[in-house]
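A.B. asks: Below are the chains, spelled out letter by letter.
There are 8 protein chains.
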Amino acid sequence: MNLEHGQTLLFTGDSITDCGRERPLGERAGLGNGYVALVNSLLDAWYPQRRIRVLNTGISGNRVDHLEARWQTDILDHRPDWLSIMIGINDVWRHFDYANNPDQVDNGRYQTTYRNLLEQTRPQLKGLVLMTPYYIEANATDPMRAKMDQYSSVVEKLAGEFDAVFVNVQAAYDHYLAFRPTQSLCGDRVHPNQSGHMIIAKAFLTAVGFDWNTT
Amino acid sequence: MNLEHGQTLLFTGDSITDCGRERPLGERAGLGNGYVALVNSLLDAWYPQRRIRVLNTGISGNRVDHLEARWQTDILDHRPDWLSIMIGINDVWRHFDYANNPDQVDNGRYQTTYRNLLEQTRPQLKGLVLMTPYYIEANATDPMRAKMDQYSSVVEKLAGEFDAVFVNVQAAYDHYLAFRPTQSLCGDRVHPNQSGHMIIAKAFLTAVGFDWNTT
Amino acid sequence: MNLEHGQTLLFTGDSITDCGRERPLGERAGLGNGYVALVNSLLDAWYPQRRIRVLNTGISGNRVDHLEARWQTDILDHRPDWLSIMIGINDVWRHFDYANNPDQVDNGRYQTTYRNLLEQTRPQLKGLVLMTPYYIEANATDPMRAKMDQYSSVVEKLAGEFDAVFVNVQAAYDHYLAFRPTQSLCGDRVHPNQSGHMIIAKAFLTAVGFDWNTT
Amino acid sequence: MNLEHGQTLLFTGDSITDCGRERPLGERAGLGNGYVALVNSLLDAWYPQRRIRVLNTGISGNRVDHLEARWQTDILDHRPDWLSIMIGINDVWRHFDYANNPDQVDNGRYQTTYRNLLEQTRPQLKGLVLMTPYYIEANATDPMRAKMDQYSSVVEKLAGEFDAVFVNVQAAYDHYLAFRPTQSLCGDRVHPNQSGHMIIAKAFLTAVGFDWNTT
Amino acid sequence: MNLEHGQTLLFTGDSITDCGRERPLGERAGLGNGYVALVNSLLDAWYPQRRIRVLNTGISGNRVDHLEARWQTDILDHRPDWLSIMIGINDVWRHFDYANNPDQVDNGRYQTTYRNLLEQTRPQLKGLVLMTPYYIEANATDPMRAKMDQYSSVVEKLAGEFDAVFVNVQAAYDHYLAFRPTQSLCGDRVHPNQSGHMIIAKAFLTAVGFDWNTT
Amino acid sequence: MNLEHGQTLLFTGDSITDCGRERPLGERAGLGNGYVALVNSLLDAWYPQRRIRVLNTGISGNRVDHLEARWQTDILDHRPDWLSIMIGINDVWRHFDYANNPDQVDNGRYQTTYRNLLEQTRPQLKGLVLMTPYYIEANATDPMRAKMDQYSSVVEKLAGEFDAVFVNVQAAYDHYLAFRPTQSLCGDRVHPNQSGHMIIAKAFLTAVGFDWNTT
Amino acid sequence: MNLEHGQTLLFTGDSITDCGRERPLGERAGLGNGYVALVNSLLDAWYPQRRIRVLNTGISGNRVDHLEARWQTDILDHRPDWLSIMIGINDVWRHFDYANNPDQVDNGRYQTTYRNLLEQTRPQLKGLVLMTPYYIEANATDPMRAKMDQYSSVVEKLAGEFDAVFVNVQAAYDHYLAFRPTQSLCGDRVHPNQSGHMIIAKAFLTAVGFDWNTT
Amino acid sequence: MNLEHGQTLLFTGDSITDCGRERPLGERAGLGNGYVALVNSLLDAWYPQRRIRVLNTGISGNRVDHLEARWQTDILDHRPDWLSIMIGINDVWRHFDYANNPDQVDNGRYQTTYRNLLEQTRPQLKGLVLMTPYYIEANATDPMRAKMDQYSSVVEKLAGEFDAVFVNVQAAYDHYLAFRPTQSLCGDRVHPNQSGHMIIAKAFLTAVGFDWNTT
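Protein chains in written order, with this note's numbering: chain B, 43 to 257; chain R, 43 to 257; chain W, 43 to 257; chain Z, 43 to 257; chain S, 43 to 257; chain A, 43 to 257; chain V, 43 to 257; chain C, 43 to 257.
Looking at chain B on its own, in the form it has when it is part of the complex (with noise of 0.2 Å):
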């Protein structure tokens, strides 16, 4: 696995990383009820020999633009050995929810926002993880679907630009999905229950070269 022991892997986000995370800074019992949890117990019960800090700073309702007025002091300030970033789920949704709000972040705005803190931050890390925002919805003409799809080919591309490990989460859903109905995962096609982040933490622990079969 990628991760080495006294590494430190910080995951940053929104309501999906953030999970009821503590303030200012989740660390073990206070990294929220999500994934990023999930991937702190994988962790410890598959590798007990590495000691890897996990580290969360998401923030509920965050788009890109949130991201980057806090990178500072919530991303580079913790001088992370491994970063993991998964964004890009309000800024599709704000353009269903709250259409009337003239404030929207455009797939343009989207990605030029996004390389920006790339550029900043990757020469720092030893390791980078960019995970694509998803909707939990077989269909891929549904119109929020159509549209997460357009933001999740921006992060796919600036994974190649970046040297980072991609996450296609939204591919993991599709497999789930090819057998599942939606409604075993969530209401509202966003905020999964446990399953659901499992299904997130297998895809992000694969994608590092876990070996799920270390006793």
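Per label pair, the in silico range of CB-to-CB distance:
| hint | chain 1 | residue 1 | chain 2 | residue 2 | range |
| --- | --- | --- | --- | --- | --- |
| 1 | Z | N181 | A | A141 | 44 to 50 Å |
| 2 | Z | N255 | W | N158 | 55 to 61 Å |
| 3 | V | N75 | A | S102 | 32 to 38 Å |
| 4 | Z | R65 | R | M43 | 43 to 49 Å |
| 5 | W | W254 | B | G103 | 35 to 41 Å |
| 6 | Z | G62 | W | D230 | 17 to 23 Å |
| 7 | Z | H47 | A | D148 | 17 to 23 Å |
| 8 | A | Q192 | S | T248 | 38 to 44 Å |
| 9 | Z | N181 | W | N158 | 35 to 41 Å |
| 10 | Z | W254 | S | A141 | 41 to 47 Å |
| 11 | A | N158 | C | D253 | 39 to 45 Å |
| 12 | S | T256 | A | D148 | 41 to 47 Å |
If you want the footprint, here are the derived chain V segments under chain B, 3+ residues with CB under 8 Å:
| hint | region |
| --- | --- |
| 13 | 74–85 |
| 14 | 217–223 |
Here are a few chain Z residues that face chain R, going by a calculated C-beta distance under 10 Å:
| hint | residue |
| --- | --- |
| 15 | D139 |
| 16 | Y140 |
| 17 | A141 |
| 18 | N142 |
| 19 | N143 |
| 20 | P144 |
By construction, these hints were calculated from the structure, which means they are not laboratory data.
Backbone N, C-alpha and C fix where the C-beta goes; we use that ideal spot for every residue, glycine too.
With the hints as your guide, set chains R, W, Z, S, A, V and C onto chain B.
C.D. replies: For chains R, W, Z, S, A, V and C alone, coordinates are given in the frame of chain B:
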């Protein structure tokens, strides 16, 4: 309008009807915060000269089998002049979110149980209103929407059999969804905000002959 | 209807407008549970093809002097296309319930302050709506009702001066009170239940040219 | 004063009497925060040499038919020397706020039920006090005030029939309203602040021969 | 009565005055639940023709040195016509319950501080009322009672110096204690129930010339 | 010390014993925060080699007649080796704070009831401890203290009759009051702080032969 | 994997199993926040094509005798295909924290009661899983660990007798403790954080043939 | 006993000292529910003739570096005659439960910081008490116990250097653990119940010359 001065109008159903109404009987300030309260307020504001007693016995999570179990105490004992029923959303939903649970109400059981309730009740009523269940999803091929439409067809059929006013709530939502996304009304495509409840109230009142131009 | 697609409509005033709205700005689910939310819901249900952003900055207990103190941040800074004001109930009420307190807004101060606010605002607006304060009491010789009518006259006069849509809320309540007692709407003749708020919403929308027969 | 050392004085009635008293029996610190507690405190402060046990079994929302249903356990079983009753406000009010509900206590039913209670109780009492219901509204032609006066007339008549001390609470309020507005006492013209309860306590004690000049 | 129509009467002191009043200023419903509220209610019930504004700035736990620290903002800035002070209970009590704490207000410091406050205030007042502290204990040789009497003597002396109405609250309690035990008023001999507060209110109003026989 | 390894020691009584213990049976962390918990902690800290099960069935407000009503379930059914009783404070107190209530336990009824309980219980016990009630007031002529001493005399007499360890709690407090004021222990002279409970615990343990010099 | 599509898997036990599950039956979102929920989430994420209904009837504080008392209603009545039991921690723990209480389940009573439950249940099951109790303490000579191992031996023996899948939870913890201190998992060596529950879930699933490499 | 009449004794430390004390300064009823309050109660009960002011400024989670940061305001500014310090448990514990966090206080930093605090404080004190940290675990080879013993040795050494009363809390617990299991005192071997706090209080008082046989 078909509702006359001095009559009692009872609404029953699931969480869409319940909306936090008072127990054991919802009336006036205890009607909850959904379409039932809006119908009551619209009647008061448009028809102050008619005193119509509005009651609410909806219970969240109910399927048609739950209605059957409490039919005598929660519906018949209140001796309404008009009865309005909206049931079926949970009958469908449980197939998707509790698919592992074998206790399900399929379309046949839904129709049989529903008809049985109407048979024992219709003779005592001055008027009956049957409202379709719905799924706030524009795509008619979505699995849960498709199944919901089958249950709605049962409601339409029963409305014909029992000389009931038929309210196609799904159609009312579809009209809205032609212009706006589902996310502007709710997260889970089932429990709407007040705008969604207003759509139901508008459909209900129009169906019972409400004259919107009344001063 | 006079409100156009893409416009912003801001409501401000006292507790009747406030109704528990979110701070610092009421929008969508944060509009409170009064007439403002009902106006928003009726717009959505009748005119889904027009996206109108509804905002609420009412604060409970406000008199016109309180509005003046927060006019820049709570009204002008939001740059509304349409502005609707309902103020005056507390200006009158304090003469009755806090009569021993020498700090009172008499009719002259009310008019002067109100006009001053309109003068600095009207040029920036596409439309202005002035709603009368009211007292839900049919007897026009009741001391508080009589005084309230004097303040309402000021509102009507200002509406004429500033080319505003005038909404006579008192008259709307009087129509209702011709058929029903005040106790059916509220206890204190000021803070109504949802039926009372629906009367305000109906009066407001009718005044701005709402077509109730629109499908 | 007519109340003697060692006697028990029981108050019963509706919310005006209840005022948050303890269940099942209000006594000392559990008398609630209304006129009953004030009567108790005034007795203690003016007549420390007389020990008078004051009890309270008022229940909010009660009409005379509710009193009837609990007469044995809540009044007779406590074997008071003196009994004071104030009932009727809700009998009248329900005609106005729940006009759509057919279950109403009209003036005739009020008188019959009330008389029946007094007949079975008067012989066991050393003293009986009947207090009128009231509406804190100076205008005697106000519909609810006018109806309340009719019920008060019944109380006055019954006081004569049963050799009771008659307390005209409405008259006591009218004296106050000659100088001050109703809004200085309460919002809904029924549930007063402490000043309003003091008016009731003063009227009660004066009627039972309280000597205010006692040191 | 010495209090005139249109005047403002401000009470200040410790927990006996505070009694849960509103911050920053107690008025009307915010006067707390002690003797201040009772004085206000008795004034309303006996003298409705006089409008007297009653204010409360008592704070629990205060000694005279605490009053001094907030004298400008909490007393002088409100510009009362009449000022009533009751302070001293905590100055004494701390000698008994916090005897180990060296920060104590002895009798000399009490007198000096108190006089200083009166000197800067008396000229601005139409009337001044000084109330003794008290200990609800009949035995004058009880250590805390004996010490309290010494502080009360200071109050009486200052009342003479500053042309103040003197209210001997201790004497009023002693009259009561001649007939009833201290336990009938309170547990700790300091914080009484409403009967005890009524004793204070009666003493206060009698001292300012209240005519109890006024209709 | 008289308490042996393996024995059960049950305390019962009123609020002094109760102190928030768990229902239905206080044990270990559920012993409450009074002298019972302190006795348990002192036993653990001084005699770790003896395992003594401490139980608590005190109930706030109890008089000896309340103990009688629950004697079987709350005392006998637990089959204690040692039983410690402290009862009588409320038997006396009610004469003072609820003097108007005719339901009182006078000294004679106290003795008769208490003796009856001991007669049916003593034969089953290995040891019995009777603790006096008390009033934390140094002045022996204070009315409530004087009456309390009479009840304490009954306890001392019964201790002699039933071969019980007698604990003079009043005397223990008197020793303390020779140096410090009652206010340093509590407000109402009945419910002490932890220092007061420690005085009881010390008296109890010394009486049962506790060796304070044990390492 | 041994668990098949359409099967029901019921977990029962003590607080480790309970973890705040819903009453009366834990299912889906009501499975609690322990290893049971993790097993459910891992099944969903790894095997979406198999629908396995997971139920939870654990109750905090239970020993094997408590399980026996509710076996019919909480286990048999749900007719599981697979049953998983983890019981014994409290049977051991009570010897240490409630040593003074004579009601203890020794090793013999543990084995007898446990076997009795299995005998009446095994024939109805498709599969049975027996999990050892544990103590998260590496030192095998620690008194509570040593005693726990004796009870674990009983579980292993019973697993052999009843053809059950045996899960050695203690061994799974021991592997972890070879690298990390017990304090990284929990405070009391019994109730772990999510990492500790993940260790249990991993052990359980591996024992029932889970293929971690399944996509 | 070494503590004299009129002296102030200040305790500071971590959660064991804090125990819910009042902010900003714990005194009397605000001393918390741990050993500090017990010491205060034992002093009152055994030595009523000596008035000793006990203060508490412990804060949960503190290590010696946290003490250093607040030394001036929380210790020196209170000018105690006697100072008692118990610190070190968290300095050790963080190595075990937050091992991944690089911010640790090793033994050297512990000693340096501790000595620095004592050097600036000792000259101002009449007496100093240094209490060891502890781990309620009998096995001296347990990793956390072993490390704790190293920090305790530092405390013993510093006590010698600074003429302090040395309290070996670990030894006091070890005596108890010779007879009873750790589980009888607490779950996490750090935060004991009242019995554990009594062991600390006993050790403290014995060390400062408390005469347990004083009447």
